Amino acid sequence: MNRRRRRNVLLLLLFYSIHAVCANRSDSTLASTQSGSSNKKSSKVVKNNLKSIQTDCTRDHFHIQLDLGKPFKGVVFAKEFSDECRASGNMSSTISIMLPTSSCGVRINPRENDMMEMSVRIIIQMDGKLRQQVDMEKNIRCILPSDMMGMEVEGMMANVMEKKRNGRMRNEVHLQAPRVRVWLELGSNNGAGAVEVGQATTLGIRALLPGNIGVRVVDCNALDGLGDTSQKLLDERGCPVDEQVMPALLMRQRLAEEGWSKPNEDDLVERLFTSTFPAFKFPDRERLHIQCSIQLCNGKCPHVDCNKNDPFIMSSDKQLAKIEVFNSLAVTAPQIELDRLMQRDTKAEEDEIRARRQKSEGVLCLSSSKLAMAFAILGLIFLLAVIVAVICMLKTRVDRRKAAQERGSIFSSGSSTQSSHTHSHTRTFGTKLLIPYGSGTLPYGRVY
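Read left to right, the sequence shown gives residues -23 to -1, 1 to 425 (mature numbering (1 follows the signal peptide of the UniProt record, and there is no 0)).
Read the hints as simulated data drawn from the structure, not as lab findings. If you're wondering where the values come from, they're calculated on a predicted model, not measured in any experiment. Backbone N, C-alpha and C define an ideal beta-carbon position, used for all residues, glycine too. Hints are not guaranteed to be accurate.
[Claimed, not checked] Label pairs and their computed distance ranges (CB to CB): (1) Ile290 / Lys28: 23 to 31 Å; (2) Ser73 / Ser344: 55 to 63 Å; (3) Asp205 / Lys347: 25 to 33 Å; (4) Ile354 / Asp60: 49 to 57 Å; (5) Gly170 / Asp328: 49 to 57 Å; (6) Asp205 / Gly170: 56 to 64 Å; (7) Asn166 / Pro122: 24 to 32 Å; (8) Gly170 / Asn25: 23 to 31 Å; (9) Ser344 / Lys28: 41 to 49 Å.
Sequences and hints are given; from them, build the entire structure.
In structure tokens, the structure reads:
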């Protein structure tokens, strides 16, 4: 009976111990799960949201006003132009930035109803110096009405009259200066605003103007968006500088408004200048900006043969105005970037091999611990050398003292012997007296 009781007690104790261990494990697991969930909740990033975006654009400027709904101390800048096209917050909830439409990555796209859309990608950096996960990137758009795209050409109609027939009478009425619309389109063949290096890209310049106004595209330049780097595409005559980069422009013309009446020379026409070229980019920029000048002529513009060195000369009465048009395009170069990374890796390997060669040529490289140990050993050797030098110096002094004492004892014994010999000699020969000579030849003489 006692054995059975003991066995039962042991079984109960074992059962309770196992139950307690399992309970502790479940509690620890639950606690760790709760702590993990709390950590996940605490590490969850709270994204910022814009309260409102307001835009206002003209041919020359793109104005953006952002409302973040809380004090803002960071910076807002156009993508890839963080130093040149930026605005800093002053702890206000709103911030404004003004961008020139000819740079800073602003792109212009034609829309329906003769309208233009301007777009730009901006970065909203929440801190003044640091880029964080909570920063925002937005594509901001602004619709430019068609009337803002046009411009008046003064002096065009000074000598031109509109003639209207009313029966047999002919009235001459002075017209107002005509409005001209010119813009530059840039993109791939399907109209996309992003291409890769080498991809076929089309540059198109559209001009809506009266038929009696001539147009010639001159001075086309590829820019990096800041004006620091440029590449001339068309010269001041409108001829291509390098046809492999961009060939000559081709011109097509059609009536902007077709009707049943016979067209007049001053009817509104659309002229389209196009050129297809392989996309290119500047090494340090992803955005490619192209800017061209449009020369308007009173009548037809002078013909220029690009195969010859004929200058583009116009008289003052033929020159009407010169309009600047521009646009931008995103150009990526994945293969070039890959080659650059491969070149960087190759250069790193070459530098490593060069460093190994320098090590093998006698360059000693030591860690800080080994260097400290070497200095400690050198210090110990120096200390031992000093101790040996001191011991040698002390030994030399002791030897000198012993030699001096021995020399003194010899002199004392010698003097005592000489004095005894002198005393005996005196007793033998008597007293000695020294008398000087008168002649001075010998200082003293001895008298016995």
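Quick rundown of the hints versus the structure:
The hinted window of 23 to 31 Å between Ile290 and Lys28 is violated, with their beta carbons roughly 57 Å apart. Evaluation of the 55 to 63 Å hint for Ser73 and Ser344 yields a pass: the beta carbon distance comes to about 56 Å. Under the hint 25 to 33 Å, the C-beta atoms of Asp205 and Lys347, about 50 Å apart, miss the expected range. A hinted range of 49 to 57 Å for the beta carbons of Ile354 and Asp60 is consistent with their spacing of about 54 Å.
The hint said 49 to 57 Å for the Cβ distance between Gly170 and Asp328, and at roughly 40 Å that hint is violated. Checking the proposed 56 to 64 Å range against Asp205 and Gly170 shows it is violated: the Cβ atoms sit about 23 Å from each other. In this structure the hint that Asn166 and Pro122 lie 24 to 32 Å apart at CB holds, the actual value being about 28 Å. Between Gly170 and Asn25 the beta carbon distance is about 27 Å. The supplied range of 23 to 31 Å therefore holds.
At about 57 Å, the beta-carbon gap between Ser344 and Lys28 misses the expected band of 41 to 49 Å.
Violated hints, in rising order: 1, 3, 5, 6 and 9; the structure is consistent with all others.
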